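Residue numbers (the UniProt record's numbering), protein chains in the order written: chain A, 1 to 391; chain B, 1 to 391; chain C, 1 to 391; chain D, 1 to 391.
Don't read these hints as lab results, they were simulated from the structure. Each hint should be verified, as a subset may be incorrect.
Lysine to aspartate or glutamate pairs mimicking EDC-like chemistry, simulated, CA-CA at most 16 Å apart [to be verified]:
#: 1; chain 1: A; residue 1: Lys226; chain 2: B; residue 2: Glu128
#: 2; chain 1: B; residue 1: Lys242; chain 2: C; residue 2: Glu321
#: 3; chain 1: C; residue 1: Lys242; chain 2: D; residue 2: Asp211
#: 4; chain 1: B; residue 1: Lys225; chain 2: C; residue 2: Asp211
#: 5; chain 1: D; residue 1: Lys226; chain 2: A; residue 2: Glu128
#: 6; chain 1: A; residue 1: Lys225; chain 2: B; residue 2: Glu128
Ranges of calculated distance between the beta carbons of each label pair, as one might list FRET restraints [as the list claims (entries may be wrong)]:
#: 7; chain 1: A; residue 1: Ile94; chain 2: D; residue 2: Gly319; range: 39 to 47 Å
#: 8; chain 1: D; residue 1: Glu214; chain 2: A; residue 2: Ala243; range: 54 to 62 Å
#: 9; chain 1: B; residue 1: Glu214; chain 2: A; residue 2: Ala243; range: 15 to 23 Å
#: 10; chain 1: C; residue 1: Glu128; chain 2: A; residue 2: Lys225; range: 25 to 33 Å
#: 11; chain 1: D; residue 1: Lys242; chain 2: B; residue 2: Lys226; range: 24 to 32 Å
#: 12; chain 1: D; residue 1: Leu339; chain 2: B; residue 2: Glu214; range: 52 to 60 Å
#: 13; chain 1: C; residue 1: Ile207; chain 2: D; residue 2: Ile207; range: 57 to 65 Å
Note that the structure is predicted; figures quoted are calculated from it, not measured. Every residue, glycine too, gets a C-beta built ideally from N, C-alpha and C.
4 protein chains.
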Amino acid sequence: MAVTGGPMAPGPSLSRDWADDRSDNHLNGLNSNTSATPLTQARTEHSAHSTELSPHRTSSSAQKTRSVLGLHPNAPIDEEHDHGPRSELMWSRIRTVLREPFAEFWGVAIMVMFGDGSVAQVLLSTGETTAPGGNGFGAYQSINWGWGLGVMLGLYVAGDSGAYLNPAITFCNCLYRQLPWRRFPVYFLAQILGGFVGSGIVYANYISAIDWFEGGKMRTVPPAKKATAGIFCTYPQPFVTKASQFFSEFIASALLMFVVFALKDPSNNGVPKSDKWFPLCLFFLIFGLGSCFGWETGYAINIARDFSPRLMSYAVGYGSEVWTAGGYYFWIPMVSPFLGCIFGGFLYDLFIYTGPSPINTPWLGLKHLMPSYARRARREHIRREKEEGVV
Amino acid sequence: MAVTGGPMAPGPSLSRDWADDRSDNHLNGLNSNTSATPLTQARTEHSAHSTELSPHRTSSSAQKTRSVLGLHPNAPIDEEHDHGPRSELMWSRIRTVLREPFAEFWGVAIMVMFGDGSVAQVLLSTGETTAPGGNGFGAYQSINWGWGLGVMLGLYVAGDSGAYLNPAITFCNCLYRQLPWRRFPVYFLAQILGGFVGSGIVYANYISAIDWFEGGKMRTVPPAKKATAGIFCTYPQPFVTKASQFFSEFIASALLMFVVFALKDPSNNGVPKSDKWFPLCLFFLIFGLGSCFGWETGYAINIARDFSPRLMSYAVGYGSEVWTAGGYYFWIPMVSPFLGCIFGGFLYDLFIYTGPSPINTPWLGLKHLMPSYARRARREHIRREKEEGVV
Amino acid sequence: MAVTGGPMAPGPSLSRDWADDRSDNHLNGLNSNTSATPLTQARTEHSAHSTELSPHRTSSSAQKTRSVLGLHPNAPIDEEHDHGPRSELMWSRIRTVLREPFAEFWGVAIMVMFGDGSVAQVLLSTGETTAPGGNGFGAYQSINWGWGLGVMLGLYVAGDSGAYLNPAITFCNCLYRQLPWRRFPVYFLAQILGGFVGSGIVYANYISAIDWFEGGKMRTVPPAKKATAGIFCTYPQPFVTKASQFFSEFIASALLMFVVFALKDPSNNGVPKSDKWFPLCLFFLIFGLGSCFGWETGYAINIARDFSPRLMSYAVGYGSEVWTAGGYYFWIPMVSPFLGCIFGGFLYDLFIYTGPSPINTPWLGLKHLMPSYARRARREHIRREKEEGVV
Amino acid sequence: MAVTGGPMAPGPSLSRDWADDRSDNHLNGLNSNTSATPLTQARTEHSAHSTELSPHRTSSSAQKTRSVLGLHPNAPIDEEHDHGPRSELMWSRIRTVLREPFAEFWGVAIMVMFGDGSVAQVLLSTGETTAPGGNGFGAYQSINWGWGLGVMLGLYVAGDSGAYLNPAITFCNCLYRQLPWRRFPVYFLAQILGGFVGSGIVYANYISAIDWFEGGKMRTVPPAKKATAGIFCTYPQPFVTKASQFFSEFIASALLMFVVFALKDPSNNGVPKSDKWFPLCLFFLIFGLGSCFGWETGYAINIARDFSPRLMSYAVGYGSEVWTAGGYYFWIPMVSPFLGCIFGGFLYDLFIYTGPSPINTPWLGLKHLMPSYARRARREHIRREKEEGVV
């Protein structure tokens, strides 16, 4: 913040402020026209200067391509990095354009590798007596650890994009927190691809163990006795009714969104304002969802963590049962997380959030759904686009 | 907060102080006439000015309603939020009035959803061989995780009210830390309701699993073989005498209050002065109570976590055994946590705390119980109310 | 630190510095003539001023009594606390005199209550099929949690004394880090008492469960089949030779001291300079010692955690087997932790520590053992005592 | 560091900056000519002045010896320490010369003691019914804890050398982050020795338990039924093909390097800029690798953790099967971690890192492999060495 304030801040103080700037609100300038709260970013008031600095970072052709993709024209790149001859390289330019999608892709891939990896290890080694301890390489709790720390480490890796890692959470940030809707498709695609690749790597890693466990080259889906499809995506318990399937995913997703919005609420006094604690809190949140709501349907709560691996497992030969199992259960973890997150975000904004949100407008924001209102918003958007170049 | 102190704080210090100010002691102005220590707040020296700012936040009619409810007239709301037209909406006004009760309600609800959810998952899936690992979806330790992180995440959610989450802890803050007694009833009600709703959601989520486990629509209470009432509230082990039941809850509650007071003691050099560590420490504390004192009576240590779910389970059809089981055990987790917390707080103030506390007055504060003293305190209170408007 | 520097630090910066002062090095003034590193304190360079402030805090009669006990004349009490009429109360004066012993007492008591409590719960409920999960209320790992978080929470509680919680660690701080030897006896006594009382509370809490488990009023000691003495203190595995018993405690204690000295080394670049992380690191360290070196002899590594509960169990009727079991094993966890900690501290100072330590003097400090050298040190000590009043 | 900059930094900022400076970037001056990112160090902008201070710390003869060993001439030692007569002692001079090797040695030794210790305890006590809980002293998850916290505590201990603790990670820092190649050999040697000594101590500690478990003085290697060689180094599961063995180590190592580079990337907005969180993140990372990729080959991912203990076990009499087991598996955890880490680092630099890295040069840095380029780099290096004395 104090970068422009040189004369006021002589000596070492300069670097301190600058350091703090970087640590908490680097992305800020990029979103200065919104109040979106990417998961890895705190809001501040001092971002004006970065609009001046940013053009030095992102070339104008890259800016155009990024705008077409729905991203902010300026990529979130450290000022010291990627300047000079290095940034002229073709690959560097591509990477600048695709910075956020790459970050989401790898964030989700890391998350799914740890998550599906933990299921694979526990499920395939069930009851192995040669393990230290004599009873398999892990228990159900290892899976809570795997998904919890997978999310935590994914958040660290994907810091440059806001680290949503979940299309439903991206969606709710567009809906409630003014993240531009235009960014949703490219984030969505990156997250879906990340889940596909991450689960594919787990499959590749455990292929000989799966052969050994299934007793050959066949691949089976629950409720088959030696089914291994449950490593990659979720299948419901047999006794759970369709309504309970839906509700179980719905409530877990609502809890997820409610707590994430609390953790990201700059007005909530219980939450550390610095983002340093957020990944650890998410570890506990995901661990908790797995410990408390992970039995009936396997707590998918994320289309990128369920649909993508399901597609991958279909591609490598698990057969059409991956779609038909559980009474065509597959659509529930696609739809329910969106609805659950929307409901959870609604509850938080209704009862606790006091900042700008559609819920905090007349008629709880339902006006926004009326055609006349939508037309007006569209005109306003176009006008702003003309004035400021991009939105 | 120091924003108004511009001339005194030139240069970058301004923003740093402001940032730190926000992070740790936002609620302060609201309690500037007390030395109460809400669980999510550190004490500072700079709160005088916020009484000037607050009137802009809370309308005078809302102030009156809040006073009637026993709350501080000014709601703890971020200065940047809820100004302008937004705060004129009727719902926003209601939310401003009920800010702390809403926070406590959701904090307790989140806590109970994770806590009871973990018991439900572990208990209902006991020994299921289809689980990864072949032995259920979690073990006893998952329940320690569930309650521990439920409290942690509840503290994050309920930051605006001080995040007591437990009537006994609110009570001891009134008794020992000058939290105004008038606030106790509305906090109490919100906490009790939160426990009721949170456990109700767990019941709704696991209803088909409970049917499957009990083998039909019946609902049974321990020590029945397939009892599921233990998901929601605590039942003692059969061999534990009434005295041991009482003592087990008493000692766990005393430990809880003793350590919480230590963690909130600004004079204790072992404790980080920032509140960032507090929720994590509570995770460890609750995990520890469950690991070490969770067997005999199930470590209720909180009437909102035991009585409310018990009532809920009675309402959904578990029958009158929820009250009669264990020799009318139900009253122990209602009474014992209060007495235990009072004793734990007494010990801490007696041996370690050096700040203002009734224990640190002549006759260990017992004078306060004398009628003559109580009359004098009442007169003093009324005088202060006249002078300052509210207390 | 900047308290005396008012003119240089106007406005809110003042409070910040002061706040940091409090958080990290409040105890410093008390040790300004030493370089002792209490476990909850970082070293700084700016402690001169507190010698001026302290006399306002501690009355001269209390100073004398504290000197007699071997404590620093000025008690570590927050400046804002315990002034005015409050500090005139007799009990407040006693508490001021016994501040550090009280802190150590409660720190050890909290530690032992969680630690022994976790053993009690796991051992007594072994295999209980009515538990959620169907297999007892916890497993061996719960005990790692119990001791780990017991130490962590004990450190928080005992911040005012330096939170050694272990006579062997106090001893090594006297030996290697210039903690005055005169303080050792009163710390030692407080720690021993804390272990006695803490384990007594655990016994009182589990008395009906112990009756149920042992099958009556008898009390037995390992290797009896239903022995419960192992709840309170450690007994070795039957196959472990005396040498291995000794070595197992020795190596665990050496590891403990080595890592604690690393975590407290202000020159070690891997360690956060703030003390906020220290209790969490100790949680991991103790958890690790229990997971890795906890089988053969039960990782006592602390006379206050082993001898005191053993005495308590002897007092409540476990019989003389508590002393004779394991071939009079009881003396090993009394002696070995001291020797192990001395060796661990020696290794750290020899290979890594570069600050003032006897090891960093000619002949590795062995000169200090020579009578002539000791006489000289004694004369030097008396001279300093005359000049500065106290040491 | 800013202590000498008094005039530029008046008032309390001085002490604050100095404190922060110390905490995060003490090592910086030593690497001011590189952009290497030792695991325990953040990059800053203010390191020029320390080249002036350092000569006071390290004598010129020590500087020469250090240069010969490939280390930076100035040892990373706190300015306040090791001055005056103390630093004249012969042992102090040796310690100054070997500072980083000592740190790496002890870091790896601590890591292996906890890691191998946890395997020893779990494996040797498998199914012991006398344990509290009735089923051994730990389960597979204890091993995840052991290695995770072993790495965490090792990082704390080895802060002065950068705390690589793994030759493959040192190698990748040379390759991608400009750590001078000359330092690799001495780090490598120290790490290998640390693993040897650490595992030797575990063997010494558990020798009587191993005798008891194996049923005599023999020592056996998996897949023997009572094999104990798996305590020290890794052996693959019998059904895993050679390709899967390689791939399992490769993918785990790539994940390790990818996430470590993310955690150390100053341009990644998801990562706390302070290093305080790094050891905790590594705990979660290693725990995750063990939970998710620890079954097939035992997640060696580190030659110092696998080869050295294997050599130790060979030396104490486990026989030549330690080399031949699993179809001469021993070379896989020697080679695969290097290749995996190189690949993981390559992916991170290709997709996310924007700072100076060979990947961010034309032809993805492959030019560096051409002889003509290498000759030029050599000349450049010699020129710089002449100008600046050392590199």
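Consistency of the hints with the structure:
1. Lys226(A) / Glu128(B): 15 Å, holds
2. Lys242(B) / Glu321(C): 32 Å, violated
3. Lys242(C) / Asp211(D): Judged against 16 Å, a Cα distance of about 15 Å means the pair holds.
4. Lys225(B) / Asp211(C): Judged against 16 Å, a Cα distance of about 24 Å means the pair is violated.
5. Lys226(D) / Glu128(A): 15 Å, holds
6. Lys225(A) / Glu128(B): Holds. Lys225(A) to Glu128(B) sits at ~13 Å (cutoff 16 Å).
7. Ile94(A) / Gly319(D): 39 to 47 Å: Check failed, 55 Å falls outside 39 to 47 Å.
8. Glu214(D) / Ala243(A): 54 to 62 Å: Holds, since Glu214(D) and Ala243(A) (Cβ atoms, about 57 Å apart) stay within the stated range.
9. Glu214(B) / Ala243(A): 15 to 23 Å: Holds - the Cβ-Cβ distance for Glu214(B) and Ala243(A), about 19 Å, lies within 15 to 23 Å.
10. Glu128(C) / Lys225(A): 25 to 33 Å: About 30 Å separates the Cβ atoms of Glu128(C) and Lys225(A), which means 25 to 33 Å holds.
11. Lys242(D) / Lys226(B): 24 to 32 Å: With a Cβ separation near 50 Å, Lys242(D) and Lys226(B) fall outside 24 to 32 Å, so the hint is violated.
12. Leu339(D) / Glu214(B): 52 to 60 Å: Given a distance of about 55 Å, which is inside 52 to 60 Å, the answer is holds.
13. Ile207(C) / Ile207(D): 57 to 65 Å: 40 Å, violated
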